[in-house]
Structures are given as structure tokens and as C-alpha cells.
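Peer 1: This is what each chain is made of:
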Amino acid sequence: MAPSDCGGQALKRRFGAGVDNLSRNVDRINQLNVFPVPDGDTGINLYHTVRRAYREIERCDSDDVSVIAGRFAYGALMGARGNSGTILSQLLKGFADGLGEASTISAERLAVACNAAVAQSYTAVSAPTEGTILTVAREAAEDLQRGDRGSESLRKMLERLVATARASLANTPDLLPILREADVVDAGGMGLLCFLEGMQNGTSRTQVTSFQPTASLPAPAVHAESYGYDVQFLMIGADLDIDEARRELEQIGWSVIVASAGDTIKVHIHARNPAIPLDFAIKSGAALDDVVVENMELQVQQRQSEGLALADRGDTEPSGVSVVAVVEGEGLRAVYQSLRCSAIVPGGGGHNPAAEDIVAAINETPSERVIVLPNDSNIALAARQAADLVAGKQASVVATENVLQGIGAMLAFGDALDAEADFDATATKMRAAADDIRSVEITRASRSTSFGGLQINQNDFIALVDGTIRAASPDLDDVAVEALAALQTSGAELATIYYGAGVSARETDQLIRRLTKSIGGLEFEAVYGGQPLYPFLISVE
Amino acid sequence: MTSSHIRIAADSVCDLPAELVDLLNINIIPTYVNIGGESIPDDGASLDRSRFFRDLPAMSSLPTTAAPSPGDAEAFYRAILDDGAERIVSIHVPEKLSGTLNAMRLGARSVGEARVTLVDSLQLTFGIGFQVWAAAELAAQGAALETILDAIERVRLHTRVYAIIDTMEYLRRSGRVNTLVASLGGLLKIKPIVRVNEGEVTSIGRARTWSRAVRRLRELTLEQTPIERLAILHIANRPGAASFLEDIGDLAPSDTLVIETSPTLGAHIGPGAIGVATLNAEWRH
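Line by line, the protein sequences give chains S and D.
With numbering that gives the first Met the number 0, the residue at position 439 of the first sequence is 438, and numbering never jumps.
With numbering that gives the first Met the number 0, the residue at position 254 of the second sequence is 253, and numbering never jumps.
One should not assume that every hint holds.
Derived DSBU-like pairs (lysine-lysine); straight-line CA-CA distance at most 30 Å [claimed, not checked]: (1) D/LYS188 x S/LYS516; (2) S/LYS428 x D/LYS188; (3) D/LYS95 x D/LYS188.
Cβ pair distances, simulated, as ranges [stated by the list, open to error]: (4) S/ASP474 x D/ASP54: 27 to 35 Å; (5) S/ALA424 x D/GLU197: 17 to 25 Å; (6) S/THR128 x D/PRO238: 49 to 57 Å; (7) S/ASN272 x D/PRO238: 40 to 48 Å; (8) S/ASP508 x D/GLU168: 55 to 63 Å.
Hints listed in this document are in silico derivations from the structure and should not be mistaken for laboratory results.
For every residue, glycine included, the Cβ atom is placed at its ideal position computed from N, Cα and C.
Turn these sequences into a full structure, and let the hints guide you.
Peer 2: What follows is the structure in C-alpha cells.
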């Protein structure tokens, strides 16, 4: 190790200091909410993400940076919450991958790992937006690779990384007009900067606040579906492309898991014909090892003939597809359950579940194939991450943006079950049904601002119509009436009003009487939702 | 009137109009509707269907339905045999949903089981009606028993019966289709689209609005072209049935029937529902 290089335990201390500094700045980061709706709690999301990450290394004595970084990244992937948390977890995963087998970090290695981190994070979002945490990370990492940086010491490199990140963060309002309008810098970028600053300064710190160990993730459910073969093998070869392998294998079978270590790719796949994945592996130039083929159908028959009860699959759906949804509010939960949603993760409206909460819910369902409804654009990334992380099941995200779209999707799910539609067709139907729902979400403004010509005062009721603020007023019913008028309800027949916690059925009926008078041709239905923060959620179809 | 050696019998759930019943020499045994303390046979005379459905929403307790008694069945068969029939093919509401077949079996035992062939139609309303209609046409031509039974089977396989239901209230209260009700979810108002198949009523769709349900019913109907026979069914919703028929346009055969279904079925489904029974022309091949 060169004198300035960093070993595993030093990296652990730096991570700890980063977590600590981020934790101290949660409120500051939260206050950078861009939208005056209570779903931008970036600080708390990042905090949960890095705390969970640190739990993985807390008791790890390894002085190997690849071990520490790998475990920290794993914890972040599992604990990721919100979009920024998910992006941070991807940065950490890329960072760990970029370190490779290295046991210490040199200045040069730091630059390589940071750039690998950025590359990984950009692949995690379908439409990367500049002026966010992504930009801050990218500009800081790019600077490390410039010119003669390789000769600098690690300490100097970290200083530079933080300084560039700070400058980049200050520039975010120039890249993202919405930040400029609200006169803030990007909250996620701010969170990253806090983490990096902590890492830069905090080498002396040995420990962050310790955590209670929590229960480990539930084991994947028993494979009781009786279709096809379970095929596992190792592909060995120097030039194997793991992404290509994953893509190809996903065409061949289901429940595909592909993981790589060095020159080896571990494959797990369910396929109707086991020869096809093996054939693909040979043709890709790999040597095969450790081939295991099991006939799942026979296994099930065997269990049945032995008189053993199969795992309790009481609510297993005939087509073997289950739904996991993120829903807040007891009434809405009941609606989802009545529409055969197998597992519900509490969350939404500013309280974002971690990827591992969603993983646990996916594992809880009786099916091998699971559709996840995030019901919030801030949860979509964590849901995708959970779908990728889950082992032994195929999970797919139908990116619903609110619980109302999710209910539309659940109705289509019932139809798909009736038709015994396959997994992809089910997801497609649910997506289309979600898109048919028009939504009005009414909540309170968390701060004063102006938006699209509307002057909004803190605590005003505001209505988001299909995701965009269209009405604001101190009077709840006024906002609802205005929002429905803005919705252009011609052609629509039914408005379902889910009333939240703190609103009574009688108040909802009063609103409906007023709406019936002012908006013609629309039928209204009141349903108890019990959701926090949103007095009324209204779907129009 | 000459009676062919095989006679076709059915229960009133088959919904065949009286003119067809007379024309094809079919024998219909009425099922019963119990309203309050009264048990009224659905024989086309004792119970005014339209009036029954008009009054249904206001009835303090939901009417129940009842199969004919084994004694009714015995008398029914005896009368047909006394009229000169050698055999009876007797087509009925599914055993899964009604005690009718069991009563008919007991009745058949009393008159000599060998002379009565019982058929579970596995269908409802005109889904039974198409089978009875085709069987009676063949019987009138003097067809053999095997030919008639084979035709009934093929008609059944080419029949589709769909309905859209305006309110879940009656299904829920009926208790006969609990799995159907459970599959539809109870907390939102839903206009279920159901199919009658293999003796069961199953959901195939959930519309939140009536007009979407109607669109879906139309699509399902058009999937069945070429349609040889079509019946538009309704429960206290003649305007809905008429406008649906208009929607189908030229694809509907000229002899399409508009039928208000029997109270025996309607009491479980509730006013407002409309449905279709289609017989695809392929059944003859």
C-alpha cells in the first residue's frame, strides 16, 4: 500500500463519517423541496438509504476496500428509498464495481471507481435529468479524470471531488428551470455533497450511531408452480457480456437471475426446454460448469404423491401472477385487497418505502411472477430496484403514478386473471388501464410559491390534475370544484372520490352535492380512503 | 297434431317464447318464485315477468326461487308419455346452480328412467333455449336419440352467453355465486361482465361505468360472428336491450329475439341487466 492509499477500515470510517454528515443535514435537504407538495423529502430518503448501507459494514473487520464498498453498496441497494436514494445506491454499486478486486484505494483507482459509479447511476434512470444528483456526481467524477490528476494524493483528490461537487450543485438551478423558479438547489445533489463532505473530513470518526439489527428478509416462497425446468449453470470465459447474457436469457425463460464474478457468470433460469439456455451459453463461447437441471413439474408431483401438503397458497391466483402495491390509508388498502392485491407496502405521499420493503412484499406473495404498483413517481425507481433485487421470482413494475391509477390497474388485473392472461399481457393490460384514469389529488401546499400563474400560499389547498397543479385556494371544496372543471370532464361518466383521514363521509357528500350542481353529466361515488395528507383523491373515468 | 316418437322437454329457465314452444311441440315445466308466503309457478300465466321485475327493488325480502317438486316432475313426464311420446329428452338448468335436475331425475324414476334422457344444459336462459330449439327441430324431423344428443352438445359448444349487470346487490344477496362476487371486489361500484359457461357464472370483466360495460358486451357479441341465432336478454330494461340490438346492426340475424329473462334467474341478477345469447353458425359443421 502506498502511504496515501486507503484500506478497508479507513474506507469504513470515511463512509461512516459521510453517513453521519448526511444525517445531520436531513432537515436542510428536506427544505429544498421543489414542489409545494409533501413528497419531496429527499433528506429522509437519503438518510434511510445510507443508514441501511452502514448497517452492512458496521461489524465488518475486513481491511479490503472491495469488501467494504461491496457490502455498503448492497446495503444501499436494499435500503434505497425515493429517487435520490435509489440513484445514490446505484452510485455506490458502480463505485464498488469500479474498485473491482482492489484491496486498497489509490488516487488513480478512486477516479476509475467514481466514473464507474456515474455510469451505473445513469443507467438506473430511464430519462436522466440534468441539474440533479446525477449531474453533481458526473461533473465531480469527470474532473478527477482530467489531465495530470493521477499524480495527486488521495487526500487532494477527495478535496477536489468535494469542491467540484459543490460548484456543480450551485449550478443546478441553471440546468433545471424548476429549481430556479423555486430558488433552490437540487435536494438530491445536496445530499450527495453532504455525504462526500463527511467522507472528506471525517477520517477520525470511528463509528456512527449503532442500529438495532432487524429481521432478515423472508426466504423466497416455495416454488410450487409446476411448469418447466429449473436450470442453473456457470458460464466461464474471458469475454462474456453479462448484459447481453441477461437480455438473451430473459427471452428464453423466466425467473432469470444472472450474476457475475470475474470471468464467471452464474445463471439461474426457469425454462420450458432446458436445452435452450444451455445451447445459448455454449454458442456465446462460454465453457459450462456446475450444470443443474431440475424438473419442477416432477418435483411438485412427487410432493403431491408423497402426500405432503404444498406450501399454503390460499390466495394463489390461477395464472400465478400476484400484485404488490404501495398504498397508504386503511380504506384504500381495503379497496386494493378487495381487488385481489396480494401484498401492500405502506407508503406514498412523502413516505417512501425502501427497496427492501418492496422485496419483502414480493417474497410474501404466493406467486413466482409479481407485478409491482409503486403508485408514486418517487417510488418507481425503488420499485424497479426491488424487482431487480428479488431472487427466485420474476417481478415487473407497472409505473403507476398515484393510487388512483393503481386502482384502474387492479381492475384490469382482475380481468386478466379471469382471462388467464400471461404475465406480460397482464402487465400490459394494467398499464393501459392505469393510463385511462384521470386523477385529481388534493393536498396542502407545504410552502408558498407560484406555479403556472397560480399564486400559492403555504397551507393552501392545491389540486394536482393529472400530476400538474391546476387550482389553489384556502377552501377545500373550491379547489375540488375548480380542479374538476379544469379536467374537461366531457366524455367522462364517473368520478370516484376517496376521502382521506380527517374528512368525514358527510363532508364528502356535501362536496358531491356541490359538484353535481356545477358539473353536469358526471356520476359521483364516495369511498373511504383514509389516506393521510390528501383530503380528497378523485379518479375520473 | 302428430307427435314424434321423441319429445323435447325443458324448464322455464330456458326462456323460449310461447310461440316457439307451441310451434315445436316442446313441453316446459315451470320453476317457482317464492314471494312472501306465496310460491308462484313461472308458467307464463301466473306471473307477469315485467311486473315482477318492476316490483323487485321494492320487495321487503328478496324473492327466492325453487325447483319443481319430484311430484311435479313425475306428473309432467307422465302427461307427455300419455300423449304418445316414446322417449323424452329433458334439458335443464345446470345442476351446479339448481335442484331442478335432481327433481326431474326423481320424477323420471317414477315413470321409468329408460324413457327419459336428462341433459344438463350447463347454460342459462337462451343458452338453454338454443339447445332446446335445435333438439325440437330435429325431433320434429324424426331424428334418432343419438343425433339429437349430438346436436345438443354441438349447440352448447357454439353458444356464448354474456351479461352485464347493473348492480351487485342481487348477486350478493342471492348467495349462489359467492366466488363470482368475491372475484369482483366489494368496495367499489362495478358493472360486472359475466359469462355463463359449463354450468357456472364467471366474471370476465369489470367496468366502472355502464357505457363501458355495454361496449365490452358489444365486442364480445361481435366476436361470435357468423351468428346463426341471437337473443338479446334483459331484466326490466327493454330500452337498453333495444338500443343494444340497434348497436349490433346488420350482424344480428333477422329473427333475433328480445327476451325478458325468467324471474327465477332475474331475481338473482337484478333489474337493469342486459345480456346476449349467441349461437355461432359453425355448430352445424
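Peer 1: With reference to the structure, classify each hint as holding or not holding.
Peer 2: We went through each hint and held it up to the structure:
1. Annotation: proposed proximity of D/LYS188 to S/LYS516 holds, straight-line Cα distance about 22 Å (limit 30 Å).
2. Taking the CA atoms of S/LYS428 and D/LYS188, the gap is about 20 Å. The hint holds against a cut of 30 Å.
3. Of the supplied pair hints, the one linking D/LYS95 and D/LYS188 holds, its CA atoms being roughly 27 Å apart against a limit of 30 Å.
4. Separation of S/ASP474 from D/ASP54 is about 46 Å and departs from the stated range, judged on CB atoms against 27 to 35 Å.
5. Under the hint 17 to 25 Å, the C-beta atoms of S/ALA424 and D/GLU197, about 23 Å apart, fit the expected range.
6. Against the hinted window of 49 to 57 Å, the Cβ-Cβ separation of S/THR128 and D/PRO238 comes to about 54 Å, which satisfies the hint.
7. At roughly 56 Å, the beta carbons of S/ASN272 and D/PRO238 sit outside the given window of 40 to 48 Å.
8. In this structure the supplied range 55 to 63 Å is violated for S/ASP508 paired with D/GLU168, their Cβ-Cβ distance being about 20 Å.
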